[in-house]
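Undergrad: Quick mapping for you: the protein sequence lines, in order, are chains P and C.
Numbering-wise (our numbering), the first sequence opens with residue 1 and increments by one.
Numbering-wise (our numbering), the second sequence opens with residue 157 and increments by one.
One or more hints might be untrue.
As the list claims (entries may be wrong) - Below, computed lysine-lysine pairings styled on BS3-like, alpha-carbon distance capped at 27 Å:
| hint | chain 1 | residue 1 | chain 2 | residue 2 |
| --- | --- | --- | --- | --- |
| 1 | C | Lys229 | C | Lys254 |
| 2 | C | Lys161 | P | Lys14 |
| 3 | P | Lys156 | C | Lys161 |
| 4 | C | Lys262 | C | Lys191 |
Bear in mind the hints are in silico, worked out from the structure with no lab data behind them.
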Amino acid sequence: MKTQPNNEAAPIWKRTIAFVVDIIIVRVIATPIYDIIEKRMFLGEPPTSLSAMLNAKIAPIGTEITLLTALVGLITLAYFVFMEKMLQQTIGKMILKIKITSQTGTMEWWQVIVRNLTKAFSLFLPFFLLADFVYLLFKKTQKFTDILSKTEVTSK
Amino acid sequence: MIDSKKILTVILIIAVLYIVSLGVSSILFSGANAKNKIAIIPINGPISLQDTESFGIIPSTTSSETILEFIKKAKEDDSVKGVLLDINSPGGTAVASKEIAKAIGKLEKPVVAVIREVGASGAYWIASASDYIISDELSITGSIGVIGSYLEFSKLFEEYGVTYQQLVGGEEKDIGIPYRELKANEKIKLQSKINIIHDAFIQEVARNRNIPLEKTRELATGIFYLGTEAKELGLVDGFGDKESGIAKIKELAGIQEAAIIELKEEKTILDILSLISSKLFYSLGMGFARELSIISTEQQYSIKL
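Isolated chain P (complex conformation) (with noise of 0.2 Å):
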């Protein structure tokens, strides 16, 4: 797909909630995984509160729960691999009306994979996605993982 450069990078205060709008529809997605995560991390009923779930023994990272997580990752990679490859936007970045453009003129797959790694490891290593934020506060225009893959997010 071809995309326009466009220069006027989109502010972090849209791409923020662009992102927990994807989180939260990610989280829909992926409901039956996380319901079998919860069933096994907890030996009775899942905690309903966040009081209660600060409060909740959880029960050791097993290999079981480490693949669904895993798997949780590959959804969430999934997501927005696909939507910024066919459509340039996720459903957040549609509601913030921001899009992604590519620094090279053609959105490939690897740009769009490379942007989200981050995402897929959040659950894992979320320090990853948190230092890719941090850059982004600094730099204003671009996460590290844009500049790797030479994209950047535009308002339309």
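Using the hints, position chain C against chain P.
TA: Quick look at chain C alone, frame taken from chain P:
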């Protein structure tokens, strides 16, 4: 204007991902939705009444308090159809071992004990309360005995000119203290207490394992047995590992499928934060308190299984 092609693409991507999510979870992990669960309770390291911790956070012993809590959870959760005791412990204190064994005996669900490397003494007492004991051929088990030995330093102290000044209310208050030699009558008294505990241990094992009391007494010299010997003597029922244990529970509970849940003491986020702060203040106070400490005789002398 609404771009219908865009909407269709969004719906298609979400639908495909949801179907993948649903399909993967229902095909690969159908066991989790099953109503049946088997709870694994690990019994690792020395058994005591309360946790002692490494680095202030990680438990380095098995506390009966925690295990009783796990047993209670397993008892109250109707979906838990059986309990597997994953044992790798050399034993521990008499009361802690006894109260765990008692709770297991009262649990009206199949309990299978799997002895890994070691399941000796107090840990064997606990295992004996289960419905079936599995060990490895080379596991160390049995060791039905009681130990109350301790080091006595009085001669060493004499050599360095250190003397023990006995200041007690009650002439036997400092019995078993390592700073003076044990008197003959005191030794008899301590030995008789050890004998009482040993006898209680023997009776429990005999009853739990359905072995004649006299035969159990003969086995209860404190010697440990390898898995192969233990099976011949009737102290274990079969050889195997955790998988064999799970299969046995399914057989005893009459179920085909079950989700496996490992119960381990885990700290909540609030626990960890409060532990770190309490340890910090405890350490600060320790410096002052150390000089003024009073150590009771009960802390110096302990009887273990």
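Undergrad: Each of the hints needs a verdict: does it hold here or not?
TA: Consistency of the hints with the structure:
no., hint, in the structure
1, C:Lys229 x C:Lys254, "holds (19 Å)"
2, C:Lys161 x P:Lys14, "holds (25 Å)"
3, P:Lys156 x C:Lys161, "holds (18 Å)"
4, C:Lys262 x C:Lys191, "holds (23 Å)"
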